[in-house]
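**Q** Residues per chain are reported as follows:
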Amino acid sequence: MYVAVKGGEKAIKSSLKLLEKKRKETGTKSIEINQIKEQLSFAVDRVINEGSLYDKDLSALAIKQSQGDLVEAIFLLRAYRTTLERYAYSTAIDTSKIIIKRRISASFKDIPGGQILGPTFDYSHRLLDFSLMKEDEINSYENINNQEPKNKEFPSVIDYLNNENLLEQEINNLNDNPFDVTRDPMKFPASRDQWMQILARGDEGFLLGLSYSAIRGFGSKGTHPFVGEIKYGIVDIFISPDELGFEICIGEIEISECQMIDQFAGNKNTPPQFTRGYGLTFGYNERKSMAISIVDRALKSEGYGEEIKFPIQDQEFVLYHADNVEAQGFVTHLKLPHYVDFQGELNLIRKLRNEILQGKKL
Amino acid sequence: MSEIQRKDWISILSKTETIDLKNCIENINYTKDYKIIYGPNVGSIMIRARLGGNGDPYNLGEATLTKCVIKLEEGTTGYSYHLGRDKIRAEYAAVLDALMQDNNYYSKLQSMILDLKDKINKKENHIINESNSSKVDFFTLVRGDG
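Here the protein sequences line up with chains A and B, keeping their order. According to numbering that gives the first Met the number 0, the first sequence holds residues 0 to 361 in order. According to numbering that gives the first Met the number 0, the second sequence holds residues 0 to 145 in order.
Don't take each hint at face value.
[Stated by the list, open to error] One-sided excerpt, in silico: chain A residues whose CB lies under 10 Å from chain B:
1. I47
2. E203
3. G204
4. P271
5. R275
These are calculated hints, taken from the structure and not from any lab test. Just so you know, even glycine gets a beta-carbon here, dropped at the ideal spot from N, CA and C.
Using the sequences provided together with the hints, build the complete structure.
**A** Below you can see the structure in the form of structure tokens.
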């Protein structure tokens, strides 16, 4: 139990000053928001996901303010989010209508539209580039080619398997009022819409660790999942405002999507087939979208009648611990004054020791 | 010149930068007063996606959204909803939405809006062409006799 304390106003003021000073110790140039947005774009994209608010400017601001502590930046963005009036719900994103920046499949070699590597660290040598130590100016790329491309269509790769009925179909219950963790209390057993929202804003490290555990053997099948398709690109966002009475586009956002294919041995009602795990994130967040897809598949275990024996399959374990704002809040509250509680514990230990040392209990 | 539906010009305006929106209004010399009915205010929108990509909808996360409603002296009401927090941009877009509904202004603005559409298309083409430059043909090396 935590008992409130009072006092320390002056010390707190001074502490905040020291924190601000830490940012400008030797008086280097202030980083511009645009510089963070462009040159630290992966950090920005992580913060919009876990902050659960797509606004790259504010994400960059939060990163600047938190001095690069991304969990703190996420907290700032979440706090800001709560101040906003919600105007609308979007029409569900159609990820097949995407302006492609990257698209690969590890399951099929020849796919319509082709495999497009896009900007990726995958084939870099992971050697430190010392030239960046003294990079003076950044010249933007001027090579513009806006000719009509031969192909703009990138059909869903896993539809191949659908054609042969080798792949589980998505169920369409026409549920148009999905769970919303910002409004609804957590409930168990959780439905898939509930866990997909929580995973989307969940901590990347936690989800990565969980998905790693599953493919190392602490998962539903212990088998090797296959990347059906990974996409990164830009999609339009639509809403249907009441006052207009028709659907309009309100802008575009970047997303990363992963379709993971996994085995299923089949049961009385279903012959063996492939099952799917799905991951979707804001921005360029491929690693996280892959992790989500593996966790999604594991959380579906119960629905397939698979034995639940590993942490990643346990809904309460995964969903209650994926949120890093909650996790850091609970873990770090331990550093706040607990003097009264600890005094109680001290007295108890003293009493027990005295009893034992004086031989009363022996 | 092709006709532009309201749905389409709203979409075009939503992807156009502030400076280009401003230029459109200046180019037709619209100097009359308009009344701001709402905003421009920043709120949020919950963005939805589909389970597995094509199943039931779920809530992916929110985005900032700026809303503005204006009324021209002539009486036409214009709306804008834009992702992000650019209030000036939202106001210009609402004004342009109203002007486009007025036949007089529509004829003056039509070609400009089509130019904006062209600009958006070219930008999209550029992104796709750039992506396509990294298109790869993987080939499989067969092991053993296989």
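**Q** Hints first: check each against the structure and report whether it holds.
**A** These are the hints, each one checked on the structure:
no.: 1; hint: I47; verdict: 8 Å, holds
no.: 2; hint: E203; verdict: 14 Å, violated
no.: 3; hint: G204; verdict: 18 Å, violated
no.: 4; hint: P271; verdict: 19 Å, violated
no.: 5; hint: R275; verdict: 6 Å, holds
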